[in-house]
Amino acid sequence: MKRTSNILIAAALVSGALVSVSCNRGENNRKPGRIYMPDMYESRAYEFYNEKVSSMKPVDGTVKRGELLPYHLKAEDTALANGVKNPLILAKADLEEGKRLFNIYCGICHGTKLDGNGPLYKDGTGPYVAAPANLASGAKASYTEGRLFHVMTYGYNVMGSYASQLDRTQRWKIAAYIRSVQNGGANPPTLVDGDTKPAAAPAPAEAATAAAPTSDSTAHK
Amino acid sequence: MYRRVSIRMRKHFVSVLVLCVGMIASFSVRAADPSKGKALFQSNCASCHNVQKKLTGPALAGVEGRWSDKKLLHQWIHNSAAVLATGDQYANALYNEYKISMPPFPSLSDADVDDILAYIAQQEAQGGGDKGKDNSNPNPTQNPEEGSANNSLLFGIITLILAVVALILLQINSNLNKLAADKEGVAVPEPVPFYKNKAYIALVILVMFMVGGYFTINGAIGLGRQKDYMPEQPIFFSHKVHPGMNQINCLYCHAGAEKSKHAMIPSENICMNCHKVISEYSGGDLFNAEGKKINGTAEIAKLYEYVGWDANAKAYTKPGKPIPWTKIHNLPDHVYFNHSQHVVAGKQQCQTCHGPITEEDEVHQFADLSMGWCINCHRTTKVQFADNKYYSIFEKFHQDVKDGKIDSVTVEMVGGTECQKCHY
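Line order of the protein sequences matches chains A and B. For the first sequence, position 78 matches number 114 in this note's numbering, and the numbering has no gaps at all. For the second sequence, position 249 matches number 239 in this note's numbering, and the numbering has no gaps at all.
Since the hints were made in silico from the structure, they are not lab data. A couple of the hints might just be wrong.
[Claimed, not checked] Covered by chain A, according to a simulated footprint, are these stretches of chain B (three or more residues, beta-carbon under 8 Å): (1) 43 to 56; (2) 210 to 224; (3) 256 to 266; (4) 286 to 298.
[What the hints assert, rightly or not] The calculated DSBU-like cross-link candidates involving lysine-lysine, where the alpha carbons are at most 35 Å apart (straight line), are: (5) A:K67 / B:K230; (6) B:K217 / B:K188; (7) A:K67 / B:K282.
[Unchecked claim] Pairwise CB distance ranges, derived in the manner of DEER restraints: (8) B:G345 / A:T148: 25 to 33 Å; (9) B:N302 / A:G102: 40 to 48 Å; (10) A:E112 / B:A303: 18 to 26 Å; (11) B:E222 / A:G102: 36 to 44 Å.
Keep in mind that this is a model prediction, so the values were computed, not measured. The beta carbon of each residue, even a glycine, is placed where N, CA and C say it ideally should be.
With the sequences and hints as input, model every part of the structure.
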């Protein structure tokens, strides 16, 4: 009796081991393997990346904490955008941050030298078949910070909007950085000392806001 | 000496003369020069036009044939608004199709325009064939794990043979003992067969218990861990191509890694930032883990299907739907993990936890994401303490480092192994 129970225990252990080890992943590890308490893994609390919740925009009319107030100009208001002033009071560190962000998000096409020859274009040998704009000199070098911000927000020709990757503060920093190096640094920005960056209290482009009626659809740009 | 020089001079004179005549001829007739046209095309036209592809403006292959009059085409390039004003039918049709007016290029001379047109004609003749034809990647599949599998099989066979030999020797030993006993006339009880021998049975059960226990415990620990998990994704998105070959920064797509808990699976508009223009894959051959060849262009077409983009019309024609990517790195709910904390304050590289991601066509889970793995890293990783505002409140450690009492501060010392940091 005792011996049989011993054998049974051993057999159960071995079979348990075989079940949990052998059929775990499948060929080429295509399966996630076994889990216990699946409610911890496939949670109802935040199940991202399914068809219901992924790629959703924030609720209309909400502003993230610490974020600048919404930008109300529409894509076609380019003339108004020219006059929009940068709402940030910039320090040197902010320009450096703008440079870092530019090299990540813009440099891939426009080049880290802003010459419109990033790794995706490479003088026309890269995979991107449209020549990115030369921001360092030429026609685009006369764009104001407001216009640069506007282009980043809405895109321009084949360039897409970067509003989903860069928040408004980051876009303004990039605009300030681009402006500071254009035409060989002909438009140096006014910088404050210290590393703090107080954002100006009034919303950006209040004058422009009055001219262009606000719309819910642009609240998150 | 003088003679030799003069002969050489005469020879050179002839070749120089031929060269001069050639140059004069070329200047007087001035055939359009496609190589000059290439430079002009790239600086003036390429932002909006491609020879083979429709971008912001139409594809330029066959542009000369489409205009009724070459003079009109020149005029159009110099000042498109003026041509539109004349009411030319083709020009107005173009404007209505693209809804954007071409900026004037008064600085281009007629010769410049001819150079550009010659370049376009040359590209058209090549059929855009200078790109995308060099698919030369001969290594489709590799099998790096074959060696270790062979070794363990060999060890198993040797163990088995030794066990059999030992068994036979034991048997021989007991038989010899029995013969010796018979000879001396000592009565020996009939030997028990080994499967009824209690000592054997106990030994076998012990061995089975140990082996079985080892595998069971390992299997149980492995429950819920997904190291090496490499699901098939709805689109064959290759990290080797994007951040690897094309040098796109990780943060370009996973912009959340610096700002939030989640690194963010990029939304489709981020794909379309580039793929509005890049509709064909032209790199080396792609293979999935099963060794099947992947058609990159067809994979981009799948993206277009999801976002509802019509590549011919260059417009979103259908409502988009989310791409059902399969999540690979999955932490259970009772663990808190924050990307921005590790990337911004901790200054960690993505590769520390995600492995050599820029070399992988298909992403697999590099780390086992177990608690032991987290804790080990927190014990050994030194915090970048200097010039990091995040850690400015740890004044005692700053003082100790300054005094030379400690040379560095690990994550554990700033509370990185406290239970409540990750479980609450």
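Could you check the structure against the hints above and give me the numbers of any it violates, in ascending order? Hints 4 and 6 are the ones this structure does not satisfy, whereas the remaining hints hold.
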